[in-house]
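Participant: Next come the chains, spelled out residue by residue.
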Amino acid sequence: MKIGGGSYTLSDRNLVLEIEAGFDLSGQRCRYILLGENGSGKTSFLEKILLPALDSHDVDYLYIGQDIRNQLYTLRALLATMGLSVIGAGERELLRVWAAHSPTAKVLIMDEFDKYFSDYEFMFEWTKTVIPLSFVVTHHDEPMRPRYEESTGRVCRVRFEPIGQDGRLKRVRIRQEQPCPC
Amino acid sequence: MPMLKLSALALGTGWFFWLFVFGPLYSHLPAQSAALAVALLWSYLRFGRRETISLLKFCLPFVAFLLAFGLIFHFTRLLGRQDWLEDTIVKCLVFPSSLTFLKIMLSYVTYLDILRLPLSMNRRIDMITVKSAFQKGSRALKRFSWYLNTYSGLKSRHRIRYAMTRYACLIIALYLFLYQEIENSNRLLKNRYRHLG
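From first to last, the protein sequence lines are chains Z and E.
Be aware that the first sequence starts at 8, since it is given in this note's numbering, and climbs by one per residue.
Be aware that the second sequence starts at 3, since it is given in this note's numbering, and climbs by one per residue.
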């Protein structure tokens, strides 16, 4: 399973994403780090290209959005309807219980999770036995670099670079930094 | 002036509920259909297509549930009644139309109207808090619904059970959000007012 290279038009987001090299979603151990300025289409890539691709292949995933504070309300509700006691549980505990009760998830996706938790390696620790593939959107990958290499080995940095405007559509090139081992 | 406006809105709302929900046109199917059509058209003009569809989607599980029970009661002739189906259809029309109408009426109440009300500041702060929370709530609802679609723990269940659990999650999430939002905004507003005073 792959997200192929090519041009993807997201009219409702006024974006054209030009993916140079595709993304392998076949389940091998790999961490993609998505980098780029605000408004360069990282979240749109996740929500409009990656998630639909995973859905269409029935691949389960854990997606943590940028507005995690809002998402946590839905997580608390979800876990409560699963019969789990989440009264008084803090944010980290909610995430831990959710991860522990998602045994079929194969991809971990975190969109600017470091806005809330500067060291977010705990999410990988909790899921490492079942989730081989992950996508992380961040603006500050430098502090976490040594940790990535240590825990994953296969890390691929992906740059989102605006390359121009086409009417109201913003063109963005998605380029994998070399060498990309995934 | 705000008192006049709020009175007119309250009167309009009261009139709608008296006529269509509790009053003479309750069991009149053509009138109920027309009321729903007008409410939806008004909502479309005031809030746009997306928000109107989103409101309808919110009502849909409840309406479907109501209809299912109505059909069961109708075919089993529960309590010997013959009018279960007709009564159910009326309720299926009344629920979305009254909710939409109420939302439209409340949307005309502005923060300035509330501030100008001849009430104590604490009461006005309470009203502002509730209005602000519900406004945020309707925006959050769409995002909650989107998040729930991404949870595999929900997806794997039986179709009807999935729909019902998802709806329950949505209601619980919204309730938790509103509870927290009202508490935070109220505390913040009262604190600011105290220090301004």
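FYI, nobody ran anything at the bench for these hints, they're computed from the structure.
Watch out, some of these pointers could steer you wrong.
Unchecked claim - Straight line, CA to CA, 30 Å or less: simulated DSS-like cross-link-like pairs of lysine-lysine:
1. E:59 to E:105
2. E:144 to E:157
3. Z:55 to E:93
4. E:59 to Z:55
5. Z:122 to E:138
6. Z:9 to Z:55
7. E:59 to E:93
8. E:105 to E:144
9. E:133 to E:144
10. Z:55 to Z:135
11. E:192 to Z:55
12. E:93 to Z:9
13. Z:135 to Z:177
14. E:144 to Z:113
15. E:192 to E:7
16. E:157 to Z:122
17. Z:55 to E:7
18. E:144 to E:93
19. Z:113 to Z:9
20. E:157 to E:192
21. E:105 to E:93
22. Z:55 to Z:177
23. E:138 to E:157
24. E:105 to Z:135
25. Z:122 to E:144
26. E:105 to E:138
27. Z:113 to Z:135
28. Z:177 to Z:9
29. E:105 to E:133
30. E:59 to E:192
31. Z:113 to E:157
32. E:192 to E:133
33. Z:177 to E:133
As the list claims (entries may be wrong) - A few chain E positions that, by computed beta-carbon distances, are all more than 12 Å from chain Z:
34. 86
35. 96
36. 177
Because the structure is a prediction, the values reported are computed rather than measured.
Heads up, the beta-carbon is just placed ideally off N, CA and C, and yes, glycines get one too.
Participant: Please go over all the hints and tell whether each is borne out by the structure.
Facilitator: Evaluated hints:
For the hint linking residue 59 of chain E to residue 105 of chain E, the alpha-carbon distance of about 15 Å falls within 30 Å, and the restraint holds. The suggested pairing of residue 144 of chain E with residue 157 of chain E holds, with an alpha-carbon distance near 18 Å, which does not exceed 30 Å. Restraint check: the Cα-Cα separation between residue 55 of chain Z and residue 93 of chain E comes to about 38 Å, which exceeds 30 Å; the hinted pair is violated. About 21 Å separates the Cα atoms of residue 59 of chain E and residue 55 of chain Z, which keeps this hinted pair within 30 Å; it holds.
A distance of roughly 22 Å separates the Cα atoms of residue 122 of chain Z and residue 138 of chain E; the hinted pair therefore holds under the 30 Å criterion. The straight-line distance between the Cα atoms of residue 9 of chain Z and residue 55 of chain Z is roughly 15 Å, inside the 30 Å bound, and the hint therefore holds. Proposed proximity of residue 59 of chain E and residue 93 of chain E is supported: the alpha carbons are some 16 Å apart, at most 30 Å. At roughly 16 Å between alpha-carbon atoms, residue 105 of chain E and residue 144 of chain E fall within 30 Å of each other, so this suggested pair holds.
Only pairs whose Cα atoms come within 30 Å are accepted, and residue 133 of chain E paired with residue 144 of chain E is accepted, the gap being roughly 18 Å. Restraint check: the Cα-Cα separation between residue 55 of chain Z and residue 135 of chain Z comes to about 26 Å, which is no more than 30 Å; the hinted pair holds. Using a Cα cut-off of 30 Å, the hinted pair residue 192 of chain E and residue 55 of chain Z is violated, with the two alpha carbons roughly 41 Å apart. Simply put, residue 93 of chain E and residue 9 of chain Z have alpha-carbon atoms about 49 Å apart, too far for the 30 Å limit, and the pair is violated.
A C-alpha spacing of about 36 Å is found between residue 135 of chain Z and residue 177 of chain Z, which places the hinted pair above 30 Å, so the restraint is violated. Of the supplied pair hints, the one linking residue 144 of chain E and residue 113 of chain Z holds, its CA atoms being roughly 26 Å apart against a limit of 30 Å. About 26 Å separates the Cα atoms of residue 192 of chain E and residue 7 of chain E, which keeps this hinted pair within 30 Å; it holds. Simply put, residue 157 of chain E and residue 122 of chain Z have alpha-carbon atoms about 29 Å apart, close enough for the 30 Å limit, and the pair holds.
About 44 Å separates the Cα atoms of residue 55 of chain Z and residue 7 of chain E, which puts this hinted pair outside 30 Å; it is violated. Taking the CA atoms of residue 144 of chain E and residue 93 of chain E, the gap is near 25 Å; set against the 30 Å cutoff, the hint holds. Restraint check: the Cα-Cα separation between residue 113 of chain Z and residue 9 of chain Z comes to about 14 Å, which is no more than 30 Å; the hinted pair holds. Between the alpha carbons of residue 157 of chain E and residue 192 of chain E the distance comes to roughly 43 Å, so the proposed pair goes past 30 Å and is violated.
Restraint check for residue 105 of chain E and residue 93 of chain E: the C-alpha separation of about 18 Å stays at or below 30 Å, so the hint holds. Distance check on the hinted pair: residue 55 of chain Z and residue 177 of chain Z sit about 15 Å apart at the alpha-carbon level, within 30 Å; holds. Among the hinted pairs, residue 138 of chain E with residue 157 of chain E is consistent with the structure: their alpha-carbon atoms are about 27 Å apart, no more than 30 Å. With a C-alpha separation of about 47 Å, the suggested pairing of residue 105 of chain E with residue 135 of chain Z is violated against the 30 Å cut-off.
For the hint linking residue 122 of chain Z to residue 144 of chain E, the alpha-carbon distance of about 23 Å falls within 30 Å, and the restraint holds. With a CA separation close to 13 Å, the supplied pair residue 105 of chain E and residue 138 of chain E stays within the 30 Å bound. For the hint linking residue 113 of chain Z to residue 135 of chain Z, the alpha-carbon distance of about 10 Å falls within 30 Å, and the restraint holds. Between residue 177 of chain Z and residue 9 of chain Z the alpha-carbon distance is near 24 Å, which keeps this suggested pair within the 30 Å criterion.
The hinted pair formed by residue 105 of chain E and residue 133 of chain E meets the criterion: a straight-line CA distance of about 11 Å does not exceed 30 Å. For the suggested pair residue 59 of chain E and residue 192 of chain E, the alpha carbons sit about 36 Å apart, so the restraint of at most 30 Å is broken. For the hint pairing residue 113 of chain Z with residue 157 of chain E, the CA-to-CA distance comes to about 15 Å; that is within 30 Å, so the pair holds. In summary, the hint linking residue 192 of chain E to residue 133 of chain E is supported, as the alpha carbons are separated by about 15 Å, within the 30 Å threshold.
Annotation: proposed proximity of residue 177 of chain Z to residue 133 of chain E is violated, straight-line Cα distance about 37 Å (limit 30 Å). No beta-carbon of chain Z is positioned within 12 Å of the beta-carbon of residue 86 of chain E; the least distance is around 30 Å. Look at residue 96 of chain E: its CB is around 28 Å from the nearest CB on chain Z, clear of 12 Å, so calling it non-interface holds up. Here residue 177 of chain E does not stay apart from chain Z, with its beta-carbon only about 8 Å from theirs, under the 12 Å limit.
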